[in-house]
Amino acid sequence: MLSRINGYALSGLDGYAVAVEVDIHSGLPRMDIVGLPDTAIKESKERVRAAIKNSGYDFSAHVVTVNLAPAHTRKEGSVFDLAIALGVLCATEQAGVDAHNRPLDTLKDYVFLGELSLSGEVRKINGVMPILIAARERGQKKIVIPRANANEARYIRGIDVYTVGTLREAVALINGEKFEPVEKSDIVLTSEAFAAEDLKYVKGQYSAKRALEIAAAGGHNILMIGAPGGGKTMLAKCLPGILPDMTENEALETTKIHSAAGILDPSVGIVTARPFRSPHHTTSKIALTGGGSNSHPGEISYAHNGVLFLDELPEYPRSVLEILRQPLEDGVITVSRSARTVEYPANFMLVASMNPCPCGFYGSSAHECTCTPSQIQKYMSRISGPLLDRIDLHVEVDEVHYEELSSSTEAESSASVRERVNAARAVQTERYKGSGVYANSKMTAEMVKRFCALDAAGEKILSSAFDKLGMSARAYTRILKVARTIADLDGKECVGANHVAEAVMYRALDKTVR
Amino acid sequence: MLLSDIYLWLAYSRVSTQKLNRLLAVRSPQELWNAFDSEHKYDLDERTFTALKRTHSVDFIERCKQYLATNNIEYITRADPLFPAALAQDEVDPPVALFYRGNLDIMREPCLAVVGTRKASPYGKYAVNKIVGELSKYFTIVSGLATGIDGYAHAAALDNGGNTVAVLGSGLFNVTPVSNVGMFDEICKHGLAVSEYTPDTHAAVYTFPQRNRIISGLSRGVLVVEATEDSGSLITANCALEQGRDVFAVPGDIDKRRSFGTNRLIKQGAIAVTCAQDILDYYGVDKKDEGARENTVALDFSEQRVMDALGGGERSFDSLVETCGLSVAELNTVITKLMITGLIRQKSKNVYCVETA
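Respectively, the protein sequence lines represent chains A and B.
Position 280 (the first sequence) corresponds to 280 in the numbering used here; numbering is contiguous.
Position 351 (the second sequence) corresponds to 351 in the numbering used here; numbering is contiguous.
For reference, chain B alone in the conformation it holds in the complex:
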């Protein structure tokens, strides 16, 4: 019996990884397999025993392998020398096997996890686009394919031609949420989608926190963008700490619930991140030279006036009308032009601010 087949047996038994790892700590996989040959129950509890017994068949394993092959799903087990070393650490509670679609190689490049609330605000979206867009040139972006920050992070990496890994909280056939199926397909094509669960597994309440340890385990650090105080992203941050990974957080308004979690992380010692450079500096990554950005846009009189007015911070459209002395029509024109040149951006409804480089 091949070692990898034994691991596949363990994965298909659907016994929790934690329990499996406890078993594997006392005896080798081979021993376990052989023990079942002789109907030896050891000290296993009833449920674990039946689960393992049920799937304990060479035939069954062969059929599983065939099923995976016909459905274009590849798998890698701990027996494989290519199994990511970062995941194999004990702190991570390593999965016995990973099922995946896509390019496994990108997992071995330096990875950075980006997580956050599913209820992202426009601010969170902006932060992801700005920071992750830049980081994806240097890191493989790992996230959880959820809505909100996760989705934005994957999209930002894909848009910038970077690598991205989606760690699912369900089997690969049951992408959750369904609204991200399109993105899942995209990631399978241009990145990597992995799951520790067998492809037909449905998502459950406990599967998402479990996969969070893989997100942080794969990565050198975890960037939390927006998180409420009870957010699942904080689980990921905790996992990261237990696994000895770095935790980064994007600070937010002190009066917004969506920033409570990240601000608390910072108070507890997470590294505050306001731009991609912060992380690059932390890891000592040299910035790739992209050639000088053409930053010299000739502004006309009224554009300069709006830029001056915005110099002191964000302004609403109404107050711009009153301070700049421009007609509404002129101001509309100026704002469009400045947004196109990328000098300002819309912060929220009718509120504009200067785009920081």
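If we strip away everything but chain A, and leave its shape as in the complex, we get:
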């Protein structure tokens, strides 16, 4: 007998329909799965066999051939377990047949996703959210997913999602028992931020704190340079607490990636706080960009719409850093492997920290640097000019001179900074509506021209800054973008001389590297 169950598979962040065909005929018992399965799928025959048996169904000796169509694309993962098991049950007429053993038509309407345990339980799978979205776009009306993934389905409207906890339940469903689809709900974007540290506990460092505020408001990449013990890492940890709220679109985009990668919290089912990823400097290129044999997303895609924090930037291999250049510019990363080419969004804000030299004290007022000039040069040259060009804000973070700090009042808290950041981001969202740009940092050249027009006083400050402070011309657009964000924080329509003057302060490397 032949049966056919609908499945779905992921290619990158896009899903495609897979027909699971099961044929059973007599012969020496054997089960074959064809259609370019990976090891996880090949092993699924063991899970399927045990799950069917332990759910109280019969799996007697037959020749079972399973085909995953289209047969020419490589399939991976354990999402087909449920479909294969149901296929076997339907082919052996233990499910999906009416009282006269005629196949039920309803079967065609459903798509089945799920991994099986040996006991017949249906377990959580990765990538439910992108599959649901893809299935909806292709006109699929009903889909069955593991109950553990129910939360991810709550936010996808226009498709009926049923959840099952065991193989028996799935059989009951196709046999026509009444199941209620998952109840839909609106995306509730918590305005609560989960930060490891709060800005109010950072004493002094006013300049750096202000730079973080500007960076958060405009989505600018930021580089903190300073001696060890200056608090760079602590400042970076404060950042999640002042990032602006996510918009609904941003939340869905990020959730899609996290769902596909399997790092989504199943109890929430959606990412509502901007992701903060800090891969260690031993990270590999593939781990950062995504790739591998199955082209999975990397850290920069996990950080989509959030922050990628690279602590001790020069410690990262240069080859790893250089691959950030294109995603920083385009906001997407295209991962091409022989099997497939996948595009992952990677619109992240780069936050990096570094010492000015190997010993860390170059230019510090408290300690003397013991490095030779060539050591310093070598250290700095690990970060290429093109990469530095993509970083809008450079801020120097030196040790705090506590004896100079008199004020005992507690510093401003992250929450109140966040309010200003949110207000500034709202202005930007309104300004760039419909252009696909979310923040000032992503302005196109044309937008810079339109929205960052300077008056005479601003031009004068900028040109004399280039003149007197030895800034490089590369910094021009960066300064304008940052000045735009400062003006937004200030609630001003136009970029003024004051805003430009402040933006100039945050180009430390341009000034020192002369």
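By construction, these hints were calculated from the structure, which means they are not laboratory data.
Take the hints with a grain of salt, since some may be wrong.
Said to hold, decoys possible - The following residues of chain A were derived to be distant from chain B, with all beta-carbon distances above 12 Å:
| hint | residue |
| --- | --- |
| 1 | Leu36 |
| 2 | His280 |
| 3 | Pro373 |
| 4 | Glu399 |
Unchecked claim - Using 20 Å as the maximum straight-line C-alpha spacing, the simulated SDA-like pairs for lysine to any residue come out as follows:
| hint | chain 1 | residue 1 | chain 2 | residue 2 |
| --- | --- | --- | --- | --- |
| 5 | A | Lys200 | B | Glu322 |
| 6 | A | Lys200 | B | Gly325 |
| 7 | B | Lys256 | A | His367 |
| 8 | A | Lys492 | B | Ala298 |
| 9 | A | Lys468 | B | Asn129 |
| 10 | B | Lys347 | A | Ala366 |
| 11 | A | Lys468 | B | Ile340 |
| 12 | A | Lys468 | B | Thr356 |
| 13 | A | Lys378 | B | Arg54 |
| 14 | A | Lys468 | B | Leu343 |
| 15 | B | Lys256 | A | Ala366 |
| 16 | A | Lys468 | B | Tyr123 |
| 17 | B | Lys19 | B | Phe49 |
| 18 | A | Lys460 | B | Leu343 |
| 19 | A | Lys468 | B | Lys130 |
| 20 | B | Lys256 | A | Ser365 |
| 21 | B | Lys347 | A | His367 |
| 22 | A | Lys468 | B | Cys353 |
| 23 | A | Lys460 | B | Thr341 |
| 24 | B | Lys256 | A | His401 |
| 25 | B | Lys130 | A | Asp467 |
| 26 | B | Lys256 | A | Gly360 |
| 27 | A | Lys378 | B | Gly182 |
| 28 | A | Lys468 | B | Gly342 |
| 29 | A | Lys378 | B | Lys256 |
| 30 | A | Lys200 | B | Ala329 |
| 31 | A | Lys53 | A | Glu169 |
| 32 | A | Lys468 | B | Ala298 |
Stated by the list, open to error - One-sided and incomplete, this derived list gives chain B residues near chain A with beta-carbon spacing under 7 Å:
| hint | residue |
| --- | --- |
| 33 | Phe317 |
| 34 | Val321 |
| 35 | Val328 |
| 36 | Ala329 |
| 37 | Asn332 |
| 38 | Val351 |
The beta carbon of each residue, even a glycine, is placed where N, CA and C say it ideally should be.
We have chain A; now place chain B onto it with these hints.
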């Protein structure tokens, strides 16, 4: 045989200048050349003899001259009346020849050597830019084309349109460090690069201390900007003393190793220099009139407040925020504006101070 050719022979023999000068003290160059014609070994040791013998050929000297000409390298020997008189003094241990590229005339103008550590701090860089920038209008700045203070001194002179002489510790084809090759080319074009070594000579540990005597020898005085206690710049200062040149030193923090050398020089009697005027006064040079500097910049309220706060010395950004009662955004703006007008400068990371005139 021309006298200058004989000197060139001596230079190409690569016998050390010290040894050559000892030889030349007893007999004239001509005698030496003739003595080799007749295979006379005199009292020369084996190595010196073979070295001199090896290069003792009219043909060889002619080929050397041709080589220098095709490679655009000029040379001047002690036989030349244009050979700098300051270098010809016995105390200097004068080189037999100098190989150079650039304009030799600037060497005969009053020269001032500026030397210091290769590991310059931002303070050293600042001191060089401030003092040498001004001095280069009156003096030819002589230095050693090393990284750090030397490089800053050359750059400050070039930037201000002054003259500068680079005395290399290697042949002109082997500029060391390689990172300064760009500056070397610039100096060849707008100044003078000289070396007592034949162009193909590689730098060695001993060549740098040797050339230091030429740096001080060329100059009326030596300004040491930043030096550790074991710095090579102190060799230059010692040479200067032996040669009867003046030694100037820029004082530094007493707790910074990079100032130990200069501070010790001052203790030993070097002239402390805090501005270009100190040196100009010492030599009685009249300051060129540049017209009144427009010093009257109208400051607004908040700028005045920052200037007042900085009046008592250097302040960190953090303490400025707390004392001036300005928001961080305002303070950022004010500092940029004050730095552009040149009233304040960044001393180190996030630390600012008033720019002294």
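Comparing the hints with the structure gives:
At roughly 55 Å, the least C-beta separation between leucine 36 (chain A) and chain B is larger than 12 Å, which holds for a residue marked as non-interface. Consistency note on histidine 280 (chain A): stated as away from chain B, and its beta-carbon is indeed over 12 Å from all of that chain's, at 27 Å minimum. Residue placement check: proline 373 (chain A) does not keep its beta carbon more than 12 Å from all beta carbons of chain B (closest about 5 Å). In this structure glutamate 399 (chain A) is not separated from chain B by more than 12 Å, as the shortest Cβ-Cβ distance comes to only about 9 Å.
At roughly 15 Å between alpha-carbon atoms, lysine 200 (chain A) and glutamate 322 (chain B) fall within 20 Å of each other, so this suggested pair holds. This hinted pair checks out: lysine 200 (chain A) and glycine 325 (chain B) have alpha carbons roughly 18 Å apart, not beyond 20 Å. About 9 Å separates the Cα atoms of lysine 256 (chain B) and histidine 367 (chain A), which keeps this hinted pair within 20 Å; it holds. Under the criterion of a C-alpha separation no larger than 20 Å, the hint pairing lysine 492 (chain A) with alanine 298 (chain B) is inconsistent with the structure, at around 26 Å.
The suggested pairing of lysine 468 (chain A) with asparagine 129 (chain B) holds, with an alpha-carbon distance near 13 Å, which does not exceed 20 Å. With a C-alpha separation of about 12 Å, the suggested pairing of lysine 347 (chain B) with alanine 366 (chain A) holds against the 20 Å cut-off. Distance restraint check for lysine 468 (chain A) and isoleucine 340 (chain B): the Cα-Cα separation of roughly 6 Å lies within the 20 Å cut-off, and the hinted pair is therefore satisfied. With a C-alpha separation of about 16 Å, the suggested pair lysine 468 (chain A) and threonine 356 (chain B) falls inside the 20 Å cut-off, and the hint holds.
Our distance criterion of 20 Å between C-alpha atoms is broken by lysine 378 (chain A) and arginine 54 (chain B), whose separation comes to about 43 Å. In summary, the hint linking lysine 468 (chain A) to leucine 343 (chain B) is supported, as the alpha carbons are separated by about 12 Å, within the 20 Å threshold. For the hint linking lysine 256 (chain B) to alanine 366 (chain A), the alpha-carbon distance of about 10 Å falls within 20 Å, and the restraint holds. Using a Cα cut-off of 20 Å, the hinted pair lysine 468 (chain A) and tyrosine 123 (chain B) holds, with the two alpha carbons roughly 18 Å apart.
Simply put, lysine 19 (chain B) and phenylalanine 49 (chain B) have alpha-carbon atoms about 12 Å apart, close enough for the 20 Å limit, and the pair holds. Simply put, lysine 460 (chain A) and leucine 343 (chain B) have alpha-carbon atoms about 17 Å apart, close enough for the 20 Å limit, and the pair holds. Under the criterion of a C-alpha separation no larger than 20 Å, the hint pairing lysine 468 (chain A) with lysine 130 (chain B) is consistent with the structure, at around 14 Å. Under the criterion of a C-alpha separation no larger than 20 Å, the hint pairing lysine 256 (chain B) with serine 365 (chain A) is consistent with the structure, at around 10 Å.
For the proposed pair lysine 347 (chain B) and histidine 367 (chain A), the alpha carbon gap of about 14 Å is at most 20 Å, so the pair holds. Restraint check for lysine 468 (chain A) and cysteine 353 (chain B): satisfied, since their Cα atoms lie roughly 17 Å apart, inside the 20 Å limit. Proximity of lysine 460 (chain A) to threonine 341 (chain B) is assessed by CA-CA distance (about 12 Å); at most 20 Å being required, the pair is judged to hold. A threshold of 20 Å between alpha carbons decides the hint, and for lysine 256 (chain B) with histidine 401 (chain A) the separation of about 18 Å falls inside it, so the pair holds.
For the hint pairing lysine 130 (chain B) with aspartate 467 (chain A), the CA-to-CA distance comes to about 17 Å; that is within 20 Å, so the pair holds. A distance of roughly 16 Å separates the Cα atoms of lysine 256 (chain B) and glycine 360 (chain A); the hinted pair therefore holds under the 20 Å criterion. Simply put, lysine 378 (chain A) and glycine 182 (chain B) have alpha-carbon atoms about 18 Å apart, close enough for the 20 Å limit, and the pair holds. Proximity of lysine 468 (chain A) to glycine 342 (chain B) is assessed by CA-CA distance (about 8 Å); at most 20 Å being required, the pair is judged to hold.
Between lysine 378 (chain A) and lysine 256 (chain B) the alpha-carbon distance is near 24 Å, which puts this suggested pair outside the 20 Å criterion. For the proposed pair lysine 200 (chain A) and alanine 329 (chain B), the alpha carbon gap of about 18 Å is at most 20 Å, so the pair holds. Restraint check for lysine 53 (chain A) and glutamate 169 (chain A): the C-alpha separation of about 15 Å stays at or below 20 Å, so the hint holds. For the hint pairing lysine 468 (chain A) with alanine 298 (chain B), the CA-to-CA distance comes to about 19 Å; that is within 20 Å, so the pair holds.
Using the Cβ-Cβ criterion of 7 Å, the hint placing phenylalanine 317 (chain B) at the interface with chain A is satisfied: the shortest such distance is roughly 5 Å. Against a cut-off of 7 Å between C-beta atoms, the interface hint on valine 321 (chain B) holds, since the closest Cβ of chain A lies about 4 Å away. Interface restraint check: valine 328 (chain B) against chain A, minimum CB-CB distance 4 Å, threshold 7 Å, status holds. Here the hint on alanine 329 (chain B) is kept, as its CB sits about 6 Å from the closest CB of chain A, short of 7 Å.
Restraint check, asparagine 332 (chain B) versus chain A: the minimum CB separation of about 4 Å is within 7 Å; hint holds. Checking valine 351 (chain B) against chain A: minimum C-beta separation of about 5 Å stays under 7 Å; hint holds.
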